[in-house]
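All chains, full assembly: derive it from the sequences and hints.
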Amino acid sequence: MHPTLTHLAMHVPDLPASIAFYQIFCGMQVVHERAGKGSRIVWMAEPGQAQRFIFVLMPGGQRHERADDDYSHLGFALASREQVDAIAARAAASGCLLWAPREEPFPVGYYCGVRDPSGRAVEFSYGQPLGPGAEALPQP
Numbered sequence: 005m006h007p008t009l010t011h012l013a014m015h016v017p018d019l020p021a022s023i024a025f026y027q028i029f030c031g032m033q034v035v036h037e038r039a040g041k042g043s044r045i046v047w048m049a050e051p052g053q054a055q056r057f058i059f060v061l062m063p064g065g066q067r068h069e070r071a072d073d074d075y076s077h078l079g080f081a082l083a084s085r086e087q088v089d090a091i092a093a094r095a096a097a098s099g100c101l102l103w104a105p106r107e108e109p110f111p112v113g114y115y116c117g118v119r120d121p122s123g124r125a126v127e128f129s130y131g132q133p134l135g136p137g138a139e140a141l142p143q144p
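Residue numbering for the sequence shown follows the numbering used here, beginning at 5 and increasing consecutively.
Just so you know, these hints were derived from the structure itself, not from any lab. The reader is advised that the hints may include incorrect statements.
As the list claims (entries may be wrong) - Simulated restraints on C-beta separations: (1) PRO111 to ALA21: 28 to 34 Å; (2) GLY42 to ARG94: 30 to 36 Å; (3) ILE28 to VAL60: 31 to 37 Å.
Glycine included, C-beta positions come from ideal geometry on N, C-alpha and C.
Written as structure tokens, this is what we have:
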């Protein structure tokens, strides 16, 4: 068997706010929670994906401070440009819009960026060769 990516574990300064963010903006749901090491540990997954890939959220850590030219992010694919625009509008109304919607050449596509409660950048994109329904990326 080759290695398979199954989870991303993140410390978050505000666990309830992070859970709400990933539920509201990303459609993720809590699939498991437990007490661990004196705190609450939460697993979140996209619907139907709990056995494929999860976020593990753990209380603690520092807020992420980002430089203006830091484009590290978590990426979520959407089904349309309109969905990207809707996420951006919701983020702007919530005060967490990081990058307004923009178009970049293939394979980047149309995207916006949102700041999660921990300061991490979360990208929402349409037109990338990733995610359900995406066209295959040409191989070199």
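Quick rundown of the hints versus the structure:
Distance hint check: the CB atoms of PRO111 and ALA21 are about 32 Å apart, consistent with the given range 28 to 34 Å. In this structure the hint that GLY42 and ARG94 lie 30 to 36 Å apart at CB holds, the actual value being about 34 Å. Hint check: ILE28 to VAL60, Cβ distance near 19 Å, so the stated range 31 to 37 Å is violated.
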